[in-house]
Each structure stands twice: as C-alpha cells, then as structure tokens.
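When you get a sec, could you build the whole thing from the sequences and use the hints?
4 protein chains.
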Amino acid sequence: MHPTGNEASDPHICSIIALLHGPDRPGLVARVSNWIFEHGGNILHADQHRDSEENVFFQRVEWTHNEDNAGVRRLADAFAQMAQAELGMRVRIGFSDERARLGVLVSKIPHCLHDLIYRWKVGELKGDLACVVSNHQDLEPLVEATGLPFHHVPVMRETRAAGEAAQLEILKGYGVDLVVLARYMQVLSAGFLARVNVPVINIHHGFLPSFPGGRPYHQAHAHGVKIIGATAHYATAELDQGPIIAQDVTRISHRHTVADLIRKGRHLEQLVFAEAIQAHLEHRVLVYGRKTVVFE
Amino acid sequence: MHPTGNEASDPHICSIIALLHGPDRPGLVARVSNWIFEHGGNILHADQHRDSEENVFFQRVEWTHNEDNAGVRRLADAFAQMAQAELGMRVRIGFSDERARLGVLVSKIPHCLHDLIYRWKVGELKGDLACVVSNHQDLEPLVEATGLPFHHVPVMRETRAAGEAAQLEILKGYGVDLVVLARYMQVLSAGFLARVNVPVINIHHGFLPSFPGGRPYHQAHAHGVKIIGATAHYATAELDQGPIIAQDVTRISHRHTVADLIRKGRHLEQLVFAEAIQAHLEHRVLVYGRKTVVFE
Amino acid sequence: MHPTGNEASDPHICSIIALLHGPDRPGLVARVSNWIFEHGGNILHADQHRDSEENVFFQRVEWTHNEDNAGVRRLADAFAQMAQAELGMRVRIGFSDERARLGVLVSKIPHCLHDLIYRWKVGELKGDLACVVSNHQDLEPLVEATGLPFHHVPVMRETRAAGEAAQLEILKGYGVDLVVLARYMQVLSAGFLARVNVPVINIHHGFLPSFPGGRPYHQAHAHGVKIIGATAHYATAELDQGPIIAQDVTRISHRHTVADLIRKGRHLEQLVFAEAIQAHLEHRVLVYGRKTVVFE
Amino acid sequence: MHPTGNEASDPHICSIIALLHGPDRPGLVARVSNWIFEHGGNILHADQHRDSEENVFFQRVEWTHNEDNAGVRRLADAFAQMAQAELGMRVRIGFSDERARLGVLVSKIPHCLHDLIYRWKVGELKGDLACVVSNHQDLEPLVEATGLPFHHVPVMRETRAAGEAAQLEILKGYGVDLVVLARYMQVLSAGFLARVNVPVINIHHGFLPSFPGGRPYHQAHAHGVKIIGATAHYATAELDQGPIIAQDVTRISHRHTVADLIRKGRHLEQLVFAEAIQAHLEHRVLVYGRKTVVFE
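Chains as they are written, first to last, in the working numbering: chain A, 3 to 298; chain B, 3 to 298; chain C, 3 to 298; chain D, 3 to 298.
Do not take every clue at face value.
Since copy identity is lost for identical chains, a pair holds within one copy or between any two.
Here are the computed lysine-lysine pairs in the DSS-like style, where the Cα-Cα straight-line distance is at most 25 Å [stated by the list, open to error]:
no.	residue 1	residue 2
1	K174	K293
2	K293	K266
3	K293	K110
4	K293	K123
5	K174	K266
6	K123	K110
None of these hints come from the bench; they were simulated from the model.
Here the structure is a predicted model, which is why all the values come from computation and not from measurement.
Now the structure itself:
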C-alpha cells in the first residue's frame, strides 16, 4: 500500500522522504510545504497526524528536486536543519534511490525467512537481504541455495554475551541498516539492542499483548480463544513489549489443535512480518513512546 | 448459522436437541444414532467433536419423533438416561418448541440492550426477553417504550449483598433461564453466580485475554494495538476469565482516538453479544474446563 | 475514523473543510497551505491523493480562522475562488458547524432505517434526519415513535412519475442536503436523480459488481459463493452501477440457507450504510468518473 | 482445519473416509454409523449436511478397523456397495494412507507454484507434487531446483489441440490424481477436461462471479471496488464458472494502483489456492450442481 507518490515519480529521479515529529503548533504544514516549493521542489505525497492528547505533530512528506544526487542531498540536509532549528521537529530523512541492507536473525523455523527471501527475489522488498545469522545450522542449506551468506553463531544462555558480540560483529561487517528477527527464539539483551544501533523488528506469533513469551499458540489453545493473531513490533529490552507496527488475526474454533494453530499461524506471521518490514523500509513508521504512527 | 436440520423439519413438529460430553470410546456415534433410529426417531442434524488430548467426546444431535408433546418428553428422558447410564455422558436436553426466558442486567450504556431488543422484536432471537434490571435509571424510558418491565436496583460497593439479593429475587420472579449482562458495569459476586443457577453471558469490550477489567478501549489505545476486539463469555467468579463463546475484531490505526474506538466497538459488541446468546439459545454451546465447544 | 483534526479543534470554533480536485501540477500542496497560512488560518488536517494514470490531484483540507462566522464564510469563499481561478480545481466547501439534513426513502424492511435512527439519537451521525418517505405504510409506527415525520407516497410502475414528483416535493419541502435509500425497493428514474439535486446514497445487499438488481442473497446462494457482501454507493441512472463508497463482507458456508444470508446480511448492510453516510457527511468523499476517493 | 479425528487416530492405522450424497430420507445417519459399528469399525469423525430445498443428504464419515490393509480395502468396498445399493447414495472413498499425486499447470507467474512447493516440502500438503507442465520456460530453473520434473509444452491458440494432447500424455504418464492450475493463463478445452479424468482446481485472481476472465485486478481497479478477492474453483468447460471451493478477500482503497492490487493479491491467491487443494486432498469437498459442500 505504498504511497501513490512513488508511482507518480519518474523512477530515475531520486525523491526525498522526511519523517518529522515534535510539538504541534499552527502553520507547520504550510511552513514545510512552502519551504519545499520555494526551493523548487515538487511534493509527491504528504500525510500528517496530530496526537491531540499529547499535542504532537507527525508528518511524512516526499518530494523531488530537479537536481543531481549531490544537490538532492544538500537540499535534504538544509530541510532537516530548518525543521529542527526552526520548527523544533525531530527529523529522519530517506532517499528513494537508497536501498536498506537487512540482517536476518533466525533459529530453526524457516517460514518467515523463506517468505522474506521470496519477496526479495521477486523485487517486492524495498531493501536487500545482506546476511543470515542463526544459532542453529538447520537452515544453512536453504540460505545457501539462495546465494546469501549464512553465519552460524551458537548462543546458549551461559554464552549469550560472547554470542551476541559475535552476532554484532557480523551484522556490522555487512553494514546492515535494519535487523529482522525471523522467528529468532532467543531473547536479545538490552546491551545488544543498544549496541546494534539500528532498528530491530521482531515477529511474535501471538496477538500481543495477549500471549507474550514462549509458546503463544499453546497458550491460545489452552485459553480457548476464538481468534489468533500475529504481531510485528520493534524489539526493545522488555520482551514482546516494543511498539507494534502491524497485526493480523484469523478465526479458529474448538476443532483446531495446537498443530492447526501453528499451521494457520505461519501464513499470518509471514504476512504481518513482511508488512511491517515494508512499512519500515518505505519510511512510513514513526515511533513515539510505546506506540507507532504508520502512514499509509 | 443455525443447523440446516431446523430448516428441514416441519416447524410444527417439536425436535429434541441433546448436548452430550464425556470420556471418548469406540461406538459412541453408532450407539446414539442407533438408539434414535430404533425408537422411531429421525436425525435432523448431528455434529461431533473429539478433544484428543483430553480424550473427551462431544456431540450435538437433533432429532424428531412422530409423537405428541408428552411422548417426545418421555423419549427425551429415556435417551438422557441411556446416555448417562450406558455411555457415561453428561447430557443436556432442549426442545425446539421451548423458548428460553432472558433476564437482562444493564447499567447506563444502551447499545447492546437496544440491539438485543431489536433482534427480539424482529423475531431473530430464539428466546424471549423477560425483564431488564439496572443499577441506574437512565435506560428506563428506552425499556418501557418496548413494553418490557424495568426494575431499578441500585448497587453500591457497600450494598452489593442487598442489591444482589434484590436482583436475584426479581430474576427468579420472572423464571429466567439465562441472564445476559448487556454492558453491566458491576462485578457479580461468586455468591450471586452460584445462586442465580442459570448461565450468565457477559459482553466484554476488549479482546480477552488482552485488556480485562475496566476501560479496555483506553488500555488498547495506550498500548498502541492495531486491532481491537470484543468478547462474549460465560461469567464466572473470576472477572473476565470465563469460557469464551464468541469474539470478533476490527482494525484501527494511530488516527483513532479513544472516542473512535468506543464508537467502532459498539457495533462489534452488539454483533458478538448477539452471536453468543443465539448460539446458547440454539443449544450449540458446551462448556468444559475454561473452554467452549460451539457447534455450527 | 474521522480525522483527528476534529478532535484537536475547539468545538466552538467553526472549521472550513475544502474538497479539491483537478489536473495535477507542481506546487499545489504548497499553494493551498500557504494561502491558508497567509490568511491567518491553522490547518487541522490535510490529505492528498494523486491518480497518476489520470494525472488528477485530490485534496481534503480542514482549517480554522480566528474569525466570527461571517468572517469564516468570507474566507472560505475567497479560498474557493483562488482554487478555481488560480489552480483550476473544482472545489466543494463544508463548515464544521453545519449539519446536513437527510431525507430517507424506505420500503418495508426496517433494519437500515432503524440503525440510522439509533445512530442519530445517540449523537453518532454528523447530520440530522429530516423526514422519512415510504411507498408502504408498514414502518409508519416505528418512525412516528421517534418523532420523525413520515410520509406515505405509493409508487407503482405505472404511477412512478406522479409518485416521484410527490417524493421530490416532500424532500424539497424539508430542504434536505442528502437523500439516503435505506432499502428502498423501487428504481429511481434518471429524472428524479437529476431534479433532486442532492447526492443520493443507496445500500445494496450484495457485493457489487456481483449480484446487482433484485434478490442478491438468492443469487449468491444459487451461485455457491463462500463470502457475501454489502455495498453503499451513490445512486446514478444506471441501477447499482454508481460510484462505490463502502463495502464489507462476511464468510458463509454451504450450511447457510437464503434466510441465514438475509439475517447475516442485515448487520453488514447497517454497518456499510452508516459508514458511507458518515464519510459523506464528514466531507471525506470525492467522486470522479465511476469511482470515489474516500479520505480517512 | 482438518478434522480432529485425524489427530485421534494412530497414524499407523489406515482410516477410511467416505463422502456420500443422495436423496435424503430418515435413518441415514443411523444406518451408516450402525453399519460401521457392526463391522467392528470406530468412527473418528462424521459430519452431515442437508440441503432442504433440494432434499439432498451429504455426509463425510471417517473410521478405522483393526484390520490389515487388505481387510480395510475389503470393508471399504463392502461399505460403498451398501451405501449405493441400499441407501441410493453416490459414494467416494479415500484412505488415510494414500497420498494423491498432483500435476501442476503453470505459465510464467511463480507465486502460487512457489507456495505450493513450499507447503509440500514442509509436509503441510496431504499429497505429493508429481510434475510441473508449463507453456513457457521461465519457471524451469525454479522447478528444477526443487528436484521436480519440468515439462515445457508450448500452447498457442492454433496449436491448442496438439498442446493439450501432449499435456494429457505427460499428466497420465505421472498417474496424477489431481491437476492444479497455478496461474495457468490458457483456457482448457472441454475436451481436455473430459479426457484428463481427474478433478482440476483453478485459482482465479478475482472475487468471482465479479471479474471473470482476463485482467481481473485491472477490472477491479477500473470499477472502484473497495475490496478485492481470489477464488479457487473446480475448472469446468465454462470459463471461471465452476463450483467454488474457497474464497478470500482483502480491503483496498483509492490509494492502491493496479500494481498494488497485484502485489496484495499474490498472498490471497496463495492462501485460497492452498486451502482449496488441502480441502480436496483431505476428502472434504463434495460437488453438486454448480456448488460445493466443504466439510470442516
């Protein structure tokens, strides 16, 4: 559901995408659009949101300039400076001609990784897989068949510090811009999350905040719920408590065993995981507090 | 979604509906259907379920006899005795010509009550509203306009015992077979639930087990979930922990305020509440442990 | 799901809502927001869409001025003139302190009318019901119980011209701004639609373009579809072909009879009808060609 | 959502699955279950449906005998004879230890084939892929990487007869029990469908009966619908008119381009295609007239 602005633009012209948020006040929309117009830019898409309780303003704006790459970068810098200094906004800038590099952490369960690889191969993903790191060797053949590098880093509870250090070195070696946990079954430490220094997206196979932690399908089955779900969120130091990016659900009945839930959940997890990653890569997600704004 | 058997039957012939459950063993389906056939009955609909982990067998079977009312009751008794004594099943029997009487508990919020009255008036409900009891007077005009009796029983925390006694006397005076909590904002005591001696169905405006207790839409908003839900369940002494009968959900985004969630939730609550009550009235719900089997 | 801008605004200050569309060109967003800012306005919400195939630009923008009512009207006029003359846009203007008046056409089936009255009474509807006109007398008691005026205008095939003339006179007498067809079972002539001179919203009990015309649930049942739907659209001279505003669906199975579909469909129809009317009343719907843009 | 009976059964014991349908009359359920019980069988799962308008009875019953393979086959034959001769039913028999062989027809678009291969590899499919036949060579590498045989049979309009003859020879050479069209973009002739002599399941990327034939996403986009869908059905000589097995939908808005619909539709098509194939392989689908009964 990416913004139509992408469609409208000449694919050879690089557009700037800015994500802004900060204290609301009159004239913000006008100031932003006016700045762009005065600098010769053409707005492809702009969307705003106000959180009236918190008095926070959010905006995603995408525009082009008839400039070469260097000119576009200079203008983006100037814009960011204006938005920070003059409007008091926090700013994140993306460029349509940049593709993020993804590092994948995975354990033994292949379906989320498999779906991600497929979407990447068919050109659906607005980024590139750079490497796969796993605490098991099971998925090595699957990964190597695709030509992606596979790294095996065993992580036990007692060796987590060393394991995480090795993982970080690998991920940094590939220069990843985003880490995605494609059913990675270990808890990442707060230290890892601090040092990795890029966003981390996790897929949880439960409808959070119901059923956090281990074996959510078993929990759901024991609880007798009539609908199950999956949740993609940014990983934080609190397990399964990070800001939710995407969720989806499916209906079940008393006839479904835990094995049925696991099978039905696979598809949900793939869908929700891909949706969250894509929204992030398209610079459509803004985090504030424990929540997200996901522009359409 | 009531069983097609109902359709097939002559509406003037009373059918028997039996709900059975007990330890699974070979031959149960054959024994039940054979008993009915040997006694001249005609099975309109039969559905089974096995919980293979717990080794429990569940069945809903509906059939007719070419007998008058008294004959049908005698045969139903004989069947129940056979199923208990010979098959070790727990049995509940219903008759298609009996309409349950519902007592409604409500506070100030009208939409679930309003929807229930409407469904009753258009003939959609397989039972009859008998009375409305409220701890507030706000809904008295709405109720009286429909011709239903309205009883105002104030219940404060310190007067709950007296209030519940008054509620029980009223409900028993109407001979209700089912109590439904149409957004009743007080917690019923374990004593009330024991003494009322009929099932109690509650509608909770959250997707249980997420957001039990008060102000679930506020909780959902604060949590930043992307989907909200409503849950109908049998009330038990543990608040919002009873066996779930029906759930439904709807998608929200960062744009929705708490007021929006409340407004969107109204429709969900009506739908889920009506679905659960209808399933109960059609003898399609079997409770076991903390879960339900809901036959279709 | 109305724009949060409404929330943010002081309810005592009247906001202007403008719906624009016309040929796309650079600088439109900047020009609009700049005009508002230069005239002392404060943008509460702005949303755009580009149809890149047709090169059409669409915008919904809502803003306030610190002016009295007369001042606000003058500024809105000035804005509209600028947008037409300078930007080549078609413009529609609404004011947050104006409530549209709705005329309802209905036949015998009450559920859509009933739901609409309820939403109006609880303050959910951003407009007011003005009158109900029916070609049957069945719903007169329901309508009169609410205090709304009810007009019976019999319409047969051979008397349609006279009937429509009478309907038009009544609707114009109430000064309605919108006509809604709450399961009105007659086809309105092209002449009626031309002369009524306000938008007409119809609810069709089928998932258009599947199953237009009569008895769509019977058609769906005969066709063996696994999902049924309802569609709200602007009425045009071509039956059930007007621009779609809202649709929703529900899952069915072979177990559902036509009667089940009709019962399940009721809720769908209410939901979709209300959603479309609300979107229209909040000035969120733009029609172009046979399609709509529905801003969120 | 396969029947729990499968779970209950010892995987090493072969169960019999019978699908029956024919004119309804009293005692059918009893006669079937009684026959099984008298022959020492144990019913794992039984489900019935009555079409009361057509007076047709449908049943799916699954049971075991403590017999070796030859004994089980003899008993299944005896059952089928009884059901035909005595009950006037049409009977189809399956065995839990038999895996159907699937032949896949595909053109250039890989996602449905890819998903099917994945489900097969992870053991989710209750059957085995036997071969892939395509009228293009694009997917040869994908197929060969999995070890499946790939056959290229060019089919032009003027060479369709020869092409279909070649396809039939290949499919018969592999002894396939089911042909699935994983986005096969040619129309199969009535002659092909008659001679292939096994069921053929097609995935159509539209919500039938809306948008049959070519380019359904383009049709949906032009029509301005708010929800799109996919439909899996048995192929018949009438294009896209065969009995529907499964459908699913997803919500779209004016923001989605045709390219977005195609992308969103991929996931829908995979899900619906797999669901229909699985239902067929589990002997849960009965066709009658233009409709299906899909047991759960």
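Results for each hint:
In the homo-oligomer, the alpha carbons of K174 and K293 never lie at most 25 Å apart, since the shortest distance is 27 Å inside one protomer and 48 Å across protomers. In this homomeric assembly, K293 and K266 come within 25 Å of each other (Cα to Cα) only across copies, at 20 Å, whereas the closest approach inside a single copy is 27 Å. For the identical chains of this complex, K293 and K110 are neighbours neither inside a copy (30 Å) nor across copies (32 Å), given an alpha-carbon limit of 25 Å. In this homomeric assembly, K293 and K123 never come within 25 Å of each other (Cα to Cα): the closest approach is 31 Å inside a single copy and 34 Å across copies.
Within a single copy, K174 and K266 get their C-alpha atoms no closer than 35 Å, and across copies no closer than 33 Å, so neither meets the 25 Å cut-off. In the homo-oligomer, the alpha carbons of K123 and K110 lie at most 25 Å apart both inside one protomer (21 Å) and across protomers (15 Å), since each shortest distance falls under that limit.
Hint compliance for this structure: hints 1, 3, 4, 5 are broken, all remaining hints hold.
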